[in-house]
Structure formats: C-alpha cells, structure tokens
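Peer 1: Knowing the structure of chain A, use the given hints to seat chain B on it.
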Amino acid sequence: MMTLLAQVAEAAQAAHAEQPFDYWSMVFVFLLSTFIGIGVIRRVSRLLHTPLMSITNAISAIAVVGSIIVTGSDYPTEIRLMGAVALFASMTNIVSGFLITDRMLKMFKTSREGDQK
Amino acid sequence: MMVSIVQLTYLIAAALFVFALHWMNDPKTARRGVFSGVAAMLLAVLATWIQPVVVHHGWIILAIIAGFAVGIPLSMVPLTAVPQRTALSHAFGGLAAGLVGTAKYYLWYGEGGGELSVFRMTAIMAEIILGYLTFTGSLMAAGKLQEVKWIPQRPVTYRGQNVMNIGLLVVAAAIGLWLIINPTDLLAPKLFPVVIGLALVFGVLLVIPIGGADMPTVISILNSYAGLSAVAMGFVLDNKLLITAGALDGSSGLILSIIMCRAMNRSFVNVLFGAFGQVQQAKQLEAGKVYKPETIEGAAQVLEQANLVVIVPGYGMAVAQAQHKVRELYDQLKKRGVTVKFAIHPVAGRMPGHMNVLLAEADIPYTDLVESSDINSDMPQCDVALVVGANDVVNPVARYDKTSPIYGMPIIDADKAKTVYAIKRSTRPGFAGIDNELYFSDRTWMLFGDAKKVIGDLVKQLSDTGGIH
Numbered sequence: 001m002m003t004l005l006a007q008v009a010e011a012a013q014a015a016h017a018e019q020p021f022d023y024w025s026m027v028f029v030f031l032l033s034t035f036i037g038i039g040v041i042r043r044v045s046r047l048l049h050t051p052l053m054s055i056t057n058a059i060s061a062i063a064v065v066g067s068i069i070v071t072g073s074d075y076p077t078e079i080r081l082m083g084a085v086a087l088f089a090s091m092t093n094i095v096s097g098f099l100i101t102d103r104m105l106k107m108f109k110t111s112r113e114g115d116q117k
Numbered sequence: 001m002m003v004s005i006v007q008l009t010y011l012i013a014a015a016l017f018v019f020a021l022h023w024m025n026d027p028k029t030a031r032r033g034v035f036s037g038v039a040a041m042l043l044a045v046l047a048t049w050i051q052p053v054v055v056h057h058g059w060i061i062l063a064i065i066a067g068f069a070v071g072i073p074l075s076m077v078p079l080t081a082v083p084q085r086t087a088l089s090h091a092f093g094g095l096a097a098g099l100v101g102t103a104k105y106y107l108w109y110g111e112g113g114g115e116l117s118v119f120r121m122t123a124i125m126a127e128i129i130l131g132y133l134t135f136t137g138s139l140m141a142a143g144k145l146q147e148v149k150w151i152p153q154r155p156v157t158y159r160g161q162n163v164m165n166i167g168l169l170v171v172a173a174a175i176g177l178w179l180i181i182n183p184t185d186l187l188a189p190k191l192f193p194v195v196i197g198l199a200l201v202f203g204v205l206l207v208i209p210i211g212g213a214d215m216p217t218v219i220s221i222l223n224s225y226a227g228l229s230a231v232a233m234g235f236v237l238d239n240k241l242l243i244t245a246g247a248l249d250g251s252s253g254l255i256l257s258i259i260m261c262r263a264m265n266r267s268f269v270n271v272l273f274g275a276f277g278q279v280q281q282a283k284q285l286e287a288g289k290v291y292k293p294e295t296i297e298g299a300a301q302v303l304e305q306a307n308l309v310v311i312v313p314g315y316g317m318a319v320a321q322a323q324h325k326v327r328e329l330y331d332q333l334k335k336r337g338v339t340v341k342f343a344i345h346p347v348a349g350r351m352p353g354h355m356n357v358l359l360a361e362a363d364i365p366y367t368d369l370v371e372s373s374d375i376n377s378d379m380p381q382c383d384v385a386l387v388v389g390a391n392d393v394v395n396p397v398a399r400y401d402k403t404s405p406i407y408g409m410p411i412i413d414a415d416k417a418k419t420v421y422a423i424k425r426s427t428r429p430g431f432a433g434i435d436n437e438l439y440f441s442d443r444t445w446m447l448f449g450d451a452k453k454v455i456g457d458l459v460k461q462l463s464d465t466g467g468i469h
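Residue numbers (my numbering), protein chains in the order written: chain A, 1 to 117; chain B, 1 to 469.
Check each hint, because a few of them may be wrong.
Claimed, not checked - List time: in silico PhoX-like cross-link candidates among lysine-lysine, alpha-carbon distance up to 25 Å:
#: 1; chain 1: A; residue 1: Lys109; chain 2: B; residue 2: Lys341
#: 2; chain 1: B; residue 1: Lys335; chain 2: A; residue 2: Lys109
#: 3; chain 1: B; residue 1: Lys28; chain 2: A; residue 2: Lys106
#: 4; chain 1: A; residue 1: Lys106; chain 2: B; residue 2: Lys334
#: 5; chain 1: B; residue 1: Lys334; chain 2: B; residue 2: Lys416
#: 6; chain 1: B; residue 1: Lys334; chain 2: A; residue 2: Lys109
Quick caveat, the hints were computed from the structure, so don't treat them as lab data.
As the structure is a computational prediction, the values presented were derived from the model and not from experiment.
Only chain A is shown next, with the shape it has when bound in the complex:
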C-alpha cells in the first residue's frame, strides 16, 4: 500500500516536472474571458465609449503585476531595469486611466442643477 502511494506520488511529481505549467487551462481562461468581455461590453452605453476606452486602458495596465515581479526579483540589473520602465509605463496608465475615467463620468448628468422642470 505504502509503495503504491509512493509510486503514485512519484508519477505525479514526474508529470508535474514534465509540464511546468498548464497552458491548456490558460487558453481556456483566455477564450472564456473574451466571451465574457464581448458580452459585457456589448451592453455598455454608447454614450460612454470614451470612458470605456480609458477604463479598459487602466484595467489592461494589470501588466503592472508582471512588471513588479521582474523589477523586484533577484535578477540581473539590466533585466530589472527593463522591468522598472515597464512598471513606470503601466503605473502611468493605471493612474491616468482611472482618474480621467472618473473625471469624464462625473460630467454625465440627466439634468443640470438649477433647472426648472
């Protein structure tokens, strides 16, 4: 029994080593997220297409996650430097993207203050 378990564990470990990451599941995530994206974005009000573009800009700056790892890990200096520039670029997109989206959205009103209806 114990040897069987050990064998299973060994086999699992071997399989794991052969396939360091499961790329099929990533392809699935990509496919399904694209469908969700299309479904959600089709319903976005046409009035808001400009803010939509700026908020998706900010969201795709999630590349910041990769940049942080590259910048902060114990890698050679030139590689970390590339990471730092990428981090700066992504951070700029996050900050300006979210701020300008909010600034634009604040302007969309149904009626003005002081309007007599």
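Peer 2: Frame of chain A, contents of chain B only:
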C-alpha cells in the same frame, strides 16, 4: 499557503474587473465601475508585491512614484485632447508588454533556456511583436492627433505600401518562428532585437497611411492590440489575472472597432490597408454649385421659431472648443420652448464617444444626446438641423454615389430637415477631401466662420431679441 492567498486575491480582482465593465452599461452606475476597477488594481498590486520572490523594493517604489508623477497630469488634459491621451496610453501599454517580454526572454536565456518551451516562446513572440508595434503605432496616432509638426496629418501613401507592410510582418514572423524553434541558439539573442526592430518599424508604417477620419477605428484596433499583448504576457508569466484583464481590454477594442467600421461601412482590412487618400481626389467641386451664405440675424430668427432643432456636432466643434457656446445656444432655445436634440454619429470626432464626452463636459444632459440611427426617423419633422463642424457624417452622397469613398456609410439625415444651417470655417472640403452635397441643397444655408464665434454670435443675437419680448 502564500500561493493560495495570492491566487484568491487575483480571483477577486478578476471578478471586480468584470463588474467594473458591467457597471459601464449605464451612466448612473458607471462611476461605481471606476471604484471597482481601482479596488481590483490595488488588490492585484499588493498581492504581487508581498510575494517572497520580490526582494528589491527601491526601484518598485521609484517607478510607482514616477508613474503617479506622469499619470496625474495626463489625467487632467482638456477633453478635446482625450483621443491623443488615449493613444498615448495604448503606447505605454504596448511598451510595458514589450519590455517584460524582452526581459523574460533574456532572463530565461541566461538561465540556460530550460524554461523556453515552444509554448512560452510563441507567447513571448506574440507579446513583443504586438507590444512594440502597438508602442510605435500608437505614438504615431497620438502625434497625428496632437498635430505634431514633423508627423504628417494627411494619409501618407506610396506605391507598394501594402506589399512592403505585409512583407515586413512576414519577415518578422519568419524570424520569430525560427526563434521559437531555436530559442537557445547562439544566434538567437542577436536575432531577438531584429524582431523588436521590425515590429517597431511596422507600427509606424501601419499608422502613416491613416487619416484623421479613420482615427476612431485605428485607436480601437490599437486598443485591442494593447489588450492582446497583455494576454500574451499572461501566457508568458503563467498569470491568469493578466489573461483575464487583457482579454477584457482586447474584446473591448474589438467591439469598438466593429462598431466604428460598421458606422463607416468599411472593413478592418479596408481601414488598415486602403487609405482614404487613394480615392479622395476622385471628386472635384462641380461647376455651377455655389454656397448660399446666411446672416446671423436670419439664422437666429429661424432657430427661434422652430419646434425641433437638431444639432449635429463633429470634429470641427472639438477643434474650435465650441461645446460651451453650444450649451448657451441650447439654453437660449430651451428657454423659448424649442426642443433641442443632438445627433451623434458613432465616428464623429477622433475616437469612439468623443462628442458625448465634450457635450457632457458642457453640462448638456445626456438624455438629449441621440444616436444617429435613432434620430433619423425624426429628421423630416425637424425644423432646423444645425451642423457644427461635422462633414462626412451628413453627406447625402453616401446614400447614392457609388464612386464616393464614403458610399454606403450610414449618415445622419440632416438633409431631410426643413432648413439646414451648416457652420464651416472655409469653403474647403472636409477631412476625407470630398465635397459635401448637403451644402449645395436648396434647404441649406451656410454660416461661415469659426464655430465658437458663429455660435457665440447666434447666442448674443438670441439673448438680445429675448430682451425685447
């Protein structure tokens, strides 16, 4: 344990991103979307930062501070400059993806190349080609929109352009394929920069032949590329949050591109490879056609007596910064019981939704901004159509002239209104270089001058006569 915490946080962040976009379906809930997006981003950054592999913090802090220092001023640009800001942020997104891909390749190469599987190399190639071409392509688009002097505004076309562009891409892809098969070859680290160089050049060449009228589509396509390069980064780094967020951005760009293409009755391929420039000299001003000018007083009188006025804004309104004067005119007319609506064409302006944002900035209720396809049935009842700096989107030629480059494009039926006033800076044709039939119609009168000044004069005239009543 750490892995689970990080993955759980990423999962929550992914859900929050989907909600952020979901709430954009109504202006009432849209601001909630921003909060949700910010929360997701904050969670993702913190969860990444606390991982044990991150041991150096100095540069991270520095880069974040620099990002704030540049990002805050970039978020305060005037709304007329939003298209170029958007293009610039696509450029930043592409650059970030390209750099991370490059860094990861050289890192893994230096470690002996054990990590460089075929799948990973394919993802790296997709990431750097998409990333760097988005970088230079978007910089070019931003330059054109900002009207930077040394970047030509007009489409630049030459013989064999498409052959050259496609040839360049094929060469880049071929080298990329070789690199995917031989990632650890001694030659590989030298060929890698060649692919980067080709992608950078391709980005420039891709946008050079594109004119202002096609900018909304091009910005949407670049938006999609920026998203896809983030997806490729997710594949490289084995990070599902990156894949999800990138896919959301990519599909958003895709949908906007489709909407823009439909609004112009053109295909992607046609926008990217069939520059407007090639056909634009086809039609010249026909002899015997004259503009009928109208005075401010005359126009004010007609406007005042109308029941329904439809204002058709275009890029000219943005250039002249006339949106606030338009609001004053809107107020003057509303005060007299006139119904005023705005007819918004999807490709009016230089990016999707450009006109809506400008008019919202001028405090015009969004309930009066009407999609062109929804207002066309009301146009025959419309007393006055006031065209403010729009041109191709109201050109009736699109309905019947098969030789016209804009043939088949859905337009706003301004010509069906009882009276049309068109504000125009000069007698020159519009951006697409085509004459506008509308201006020579029996019902059309021209108001020549800068849009801001003309509308200002109309407002002044109306408020003066208002005093007499």
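Peer 1: A separate judgement is required for each hint: does it hold in the structure or not?
Peer 2: Right, here's what the structure says about each hint:
1. Lys109/A <-> Lys341/B: 15 Å, holds
2. Lys335/B <-> Lys109/A: The given pair, whose Cα atoms are some 19 Å apart, holds under the 25 Å limit.
3. Lys28/B <-> Lys106/A: 10 Å, holds
4. Lys106/A <-> Lys334/B: 23 Å, holds
5. Lys334/B <-> Lys416/B: 22 Å, holds
6. Lys334/B <-> Lys109/A: 17 Å, holds
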